[in-house]
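Undergrad: Each chain, letter by letter, is given below.
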Amino acid sequence: MLTCKQASKLISQSLDRPLHWSERMQLKLHLLICGPCERFKQQLKLLRTSLQRIRSGIENDQSIQLPLDVKTRIVQSIKSGQQ
Amino acid sequence: MTSNVNDWLNEHGDYLYRFALARLRDPHQAEDAVQETMLAAIKANNYQGGSSARTWLTGILKHKIIDSQRKQIREQPLSDVIDLDTSESSMDDFFDQKGHWLDKPQTLNMPDSELEQKQFLAVLDECMSKLPKKLRAIFMLRDVHEADNENICKELDITATNAWVMLYRARMGLRKCLELHWI
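Taken in order, these protein sequences are the chains called A and B. The numbering of the first sequence is my numbering, which starts it at -13 and goes up by one. The numbering of the second sequence is my numbering, which starts it at 631 and goes up by one.
Rather than coming from a laboratory, the hints here were simulated on the basis of the structure. Treat the hints with care, since some could be wrong.
Unchecked claim - In silico lysine to any residue, SDA-like type, Cα no more than 20 Å apart, as pairs:
no.	chain 1	residue 1	chain 2	residue 2
1	A	Lys(-9)	B	Asp723
2	A	Lys31	A	Leu18
3	B	Lys734	A	Gln51
4	B	Lys748	B	Lys763
5	B	Lys694	A	Arg41
6	B	Lys806	A	Arg34
7	B	Lys748	B	Trp686
8	B	Lys784	A	Asp2
9	B	Lys806	A	Thr35
10	A	Lys(-9)	B	Trp794
11	B	Lys692	A	Gly21
12	B	Lys694	A	Arg25
13	B	Lys694	B	Leu786
14	A	Lys31	B	Leu751
15	B	Lys784	B	Lys806
16	A	Lys31	A	Pro4
17	A	Lys(-9)	B	Leu732
18	A	Lys31	B	Lys701
19	B	Lys701	B	Ser759
20	B	Lys760	A	Ser63
21	B	Lys701	B	Val753
22	A	Lys31	A	Ile50
23	B	Lys734	A	Leu(-4)
24	A	Lys65	B	Phe724
25	B	Lys763	B	Ser743
26	A	Lys31	A	Ser49
27	B	Lys784	B	Gln702
28	A	Lys31	B	Arg704
29	B	Lys673	B	Asp656
30	B	Lys748	A	Leu(-4)
31	B	Lys701	B	Ser743
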């Protein structure tokens, strides 16, 4: 039987590598009887989905613009680099 | 040449900036990434006109973003690196000797409205800033930039096992911090 420490490590690793079938079985069994580890799994899921949602939120937010002075600065730096 | 840059900046500058900001989470770093993208684009001068200029520039920007993260990781002092290689004892804050949770994980609420998402992001940024820098960077690479593991290991010159341990620690720390500050 997995401990919570082992289970949580596997839950995290399942985001980074395919688990071996025996690991998957052990984890499944553990999660059936362990509420805290199931909540841990949900927490990591929430962390990932909310990061993705927030990221696309910023990407599509038309009110965020590259400041004009930065644009000027970039053009200037390229000009001076070419001289 | 500079007229190219002018056109690119006018047409795609805002988009590229948002793209960088969404990933780097720091306006200055995002500005620098856009600047470096323009420099690289001028130098490369290999835009074929096939795919859109935006796609081409975004491809360059992606590399620049990952580059800047990698640089940050490499610039870490050694003490920070040493702090990271102990895997088992580092989890003592979270588990007792038998491997039971010291504090059982709580349910976190998904941020729904725009306002909630903003608040969540503020809390998350705060929580990320509390992580050791190297952990923060690897977490960003994997979970924010969605770099694949193989690349992360190659770029940071660490083993896969090392990467998993670091990601585990980063996520563990973040979820705990969110529990405390995100309600």
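Undergrad: Can you list which hints this structure breaks, lowest number first?
TA: Those not satisfied are hints 3, 4, 7, 11, 12, 15, 18, 20, 21, 22, 24, 25, 26, 28, 29, 30, 31.
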